[in-house]
Each structure stands twice: as C-alpha cells, then as structure tokens.
Amino acid sequence: MKELEFRGVSVAFGTPLSPVFEQMSFDVERGEVISLVGPSGCGKTTTLAVLGGFLRPSSGSALMRGVEIRGASHERGLVFQEHCLFPWLTVRGNVAFGPRMQGAGKSEQQVAVKEWLKRVGLEGQEDKYPFELSVGMMQRVGIARVLAAQPDVLLLDEPFAALDTERRYDLQDMLLSLLNDRTRTAVVATHDLEEAVFLSDRVFVFGTSPKGIREVLRVGLPRSRQPELRYESEFTRLKAKLVELVRAEIRSGSATPVGQTVAPT
Amino acid sequence: MLSAWVWELDEMASLYDTIGILMQLLRAIPVIAVVPFVLLWFGVAETGKLVLIVWGIVFPIWVATHAAARNIDPRLIWAAKSLGASRFDVFASVVLPALVPSIVGSVRVAVGIGYLCVVAAELAGADSGLGYRIWVSHLVFRADRMVAALVVLGLLTFLTDWAVTKVSLILWPWSRPRES
Chain A
33 MKELEFRGVS VAFGTPLSPV FEQMSFDVER GEVISLVGPS GCGKTTTLAV
83 LGGFLRPSSG SALMRGVEIR GASHERGLVF QEHCLFPWLT VRGNVAFGPR
133 MQGAGKSEQQ VAVKEWLKRV GLEGQEDKYP FELSVGMMQR VGIARVLAAQ
183 PDVLLLDEPF AALDTERRYD LQDMLLSLLN DRTRTAVVAT HDLEEAVFLS
233 DRVFVFGTSP KGIREVLRVG LPRSRQPELR YESEFTRLKA KLVELVRAEI
283 RSGSATPVGQ TVAPT
Chain B
282 MLSAWVWELD EMASLYDTIG ILMQLLRAIP VIAVVPFVLL WFGVAETGKL
332 VLIVWGIVFP IWVATHAAAR NIDPRLIWAA KSLGASRFDV FASVVLPALV
382 PSIVGSVRVA VGIGYLCVVA AELAGADSGL GYRIWVSHLV FRADRMVAAL
432 VVLGLLTFLT DWAVTKVSLI LWPWSRPRES
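Taken in sequence, the protein lines are chains A and B.
The first sequence lines up with residues 33 to 297 when you count with the numbering used here.
The second sequence lines up with residues 282 to 461 when you count with the numbering used here.
No lab work stands behind these hints, which were simulated from the structure alone.
Some clues are possibly wrong.
[To be verified] Among chain B residues calculated to face chain A with C-beta under 8 Å, some are:
| no. | residue |
| --- | --- |
| 1 | Pro-311 |
| 2 | Ala-314 |
| 3 | Val-316 |
| 4 | Arg-356 |
| 5 | Trp-359 |
| 6 | Arg-368 |
| 7 | Phe-369 |
| 8 | Asp-370 |
| 9 | Ala-373 |
| 10 | Val-375 |
| 11 | Pro-378 |
| 12 | His-419 |
| 13 | Trp-455 |
[Stated by the list, open to error] One-sided and incomplete, this derived list gives chain A residues near chain B with beta-carbon spacing under 7 Å:
| no. | residue |
| --- | --- |
| 14 | Phe-58 |
| 15 | Ala-104 |
| 16 | Leu-110 |
| 17 | Cys-116 |
| 18 | Met-133 |
| 19 | Gln-134 |
| 20 | Ala-136 |
| 21 | Gly-137 |
| 22 | Ala-181 |
| 23 | Gln-182 |
| 24 | Ala-272 |
Owing to the predicted nature of the structure, the values given are computational and were not obtained by experimental measurement.
The C-beta atom is built at its ideal place from N, Cα and C for all residues, glycine as well.
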C-alpha cells in the first residue's frame, strides 16, 4: 500500500474558477523523500495543502495508506518556510505542543522535548522564547516541534528558503540525518534545485502549461548522504539535468522564472 | 501561496463576525450620550460610574480583539491542527494567546476612555470625585484647584497605563514590542 497517493486530483481557485492543476496523479512509497520543483504558481504549495488536509480537491482524491485525507492530522506534520512557532510559548512549550495535544503526560512531554532538541542541536535553549532565537534556530525548533508529534509524513514548504547558504546546508544535513532511517516519508516543496537533488529519492518537476507534474527525476544516490556528496560528479550531473528540466518548463510556459539558487557547473 | 489555505479559517471568522454585528450596533451609541440615562437609572453613586466605565471600555477592547481575531496568522492554526490540536485546543491554545498583544494594547486605550467616563459622570451630577472638584472650582473661579485636579487626573491615567504595561509584561513577556 502506498503511503501517499494523488488520484486524478484537480484544484481550482477564484471566480471564475482557475485551475491550479488538473487530474494530477502520483504516489509516494513509505520512507521516500520527494521534492516538488517548478516555476512559481505551478501548484507546489497547493499539493502540500491537499496532502496536509487543509484543502479539499475540486475533484479526485488524496489518500494516505489507502484512506482518503479529509482533514489535518498529526500523522502529517507541516514545516513552513518561516518557522511559524507559537510566539507565546518557549522552545520547550513549542516542542511539547504536539505531545500535549495528543494527551501525553508531563514527563512524556519532557522526554520528547529533550530528545528532539538534542537531535536538532538545541540543548540548553528550552526556556527561550522564539524572539530570542536566530532564524536558523527557530527553523530547527520548528522541525523539532513537528517531529516531536511523531508524524509519519513530513510536509515541508520551502523550509530553508529564508536562510543563508551556510545555515541552509547545515539544516539540510540535519534533516537528511533525521530521514535516513526511512521511517518517515517526506514531501518537500522547494525552489532550490540543489536542495531537491540532495534531499530526494525522486524530484517532481511541475509545469504551468499544461499544469501539473511534467517530469520525474529519479535520484539514484544512496540514501545515507554526506555533505561532501554535493561536490561529487554524479550529484553535479543530476543537478544540471534538473536545472535543464525546469528551464524547459519555463520556456514551454509563460511562467515566472523559478527563484533558482543554483546554476549548473 | 496563502490562497491555497484560506477556506480553513472561514468558519471561525464567521463566528467572530456574527458576534461582531451585535457589538457594532451597541457601539454606535456614543458613551457621553449615555451618561444622563445611566445616572438616572443607576444613580450618581459608584454603580452608575461603574456602568459607564464598563460601557466605555468594552467596545474599544472588543473592536481591537475582533480585528486581531480576523488577522491571526492562519499558519499558526494549521500548525496547531497538524500537531493534533482539536477545535477547542486551537481556540484555547492558539487563538486566545494570539489575541493577547491586541487585548493589552486596547486595554491601554480603554484606560483613557475609562477615566473619561468617570469624569463625565462626576461632571454630570456627582457629589464627589475629581470631575466634581473641577466643576465646583469652575463655579467659584478657582483655576488653581482646577489645574491641580487636572494634574492629578493626568498622573492617575499615566500610572494606570504604566501598571497595565508592567503587569502585561510580567504575565506575557513575549508580548513585548520589538523592532522587526
């Protein structure tokens, strides 16, 4: 059984209705990491919204393990471009939020907080409020908060777009280390094509004319990836291929060029 | 990007709007115009003043809270729901705390309006209080006493505002205004 499925999903907004995408179908295996790339407005975020249960498709259905997604659930955790931490809670309160909502006791919450803050390298920051943290630290807390709720699927909407290159690399490495055991599935919407190749097993290239998934790039790199992978020839080849696929989509439609951060080398 | 998520907030917003219509109808009556009626109905003693204060401060706090509720970052609610929060949890653990900065700000505005209501009541027929003293001093041409009462009023308003700010920072340290 597939972890996630899109079966002929169409989504339309506005008056008159304007389709974001039509009759889109794909599936995601358990433990797989998928990236969604493409020009702005091509439907990456909308795809995450449907998977998250925040948007009902106009037609078709989105499924998780064969069951139709009808609303938000802690099984599918969301990480936003901007951390979206609760400003009134400390780091501890933010990370404990998920376990608390799921009925965990105080001691269980503290265990979760301790474990996940350690995993994201933020031990000792428990009592700080979000406004006392750097952007990178806030994003780490955002990821820890989602993971502490023990989701089976991570939905990440341009999670590192607001960070500088150094911090982005740092958090990509951290995210990958959290996904390496293949117990969680992840879908990442990103404009960063290097990030897409580095994190993913498959990259879905979205187009705007017609809308929907136009190409799928299979990244055949081993799952356990080290930062040095970014400098290897196979990685560079895949990245260049992805850049070419996205550019072809931009040329074929009248889309706004993607906010591309990486050029082929 | 946000258009993808909008429908999720609609049902909560419509609840706020339904209550909002009732409040807007009552708010349309200026508080000063209510003074004679309230004093007639509740008397010039403390009860009348209290009713006027409540009438004066409820609406600015409501308007600010209502506007803030309409403008809560929807991503906070989606984040909470995707962490397992129920509807009640979203209201108690996200909506209410998110309103705190607006409520604190509107309480500071309401402090000034509250003093205005008290003075209006005292000017209109009380037999004690700073408003009463200002009015009596005016009748006997004692400008010095009038100025003294005005200074005391200003100090009281300032100190109340200061106290509200301090207490709010103790209770909700994260609501401190910061440079972006």
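Structure-based check of all given hints:
no.	hint	in the structure
1	Pro-311	35 Å, violated
2	Ala-314	39 Å, violated
3	Val-316	38 Å, violated
4	Arg-356	5 Å, holds
5	Trp-359	6 Å, holds
6	Arg-368	11 Å, violated
7	Phe-369	11 Å, violated
8	Asp-370	6 Å, holds
9	Ala-373	11 Å, violated
10	Val-375	7 Å, holds
11	Pro-378	4 Å, holds
12	His-419	48 Å, violated
13	Trp-455	5 Å, holds
14	Phe-58	18 Å, violated
15	Ala-104	4 Å, holds
16	Leu-110	4 Å, holds
17	Cys-116	5 Å, holds
18	Met-133	4 Å, holds
19	Gln-134	5 Å, holds
20	Ala-136	10 Å, violated
21	Gly-137	15 Å, violated
22	Ala-181	5 Å, holds
23	Gln-182	9 Å, violated
24	Ala-272	28 Å, violated
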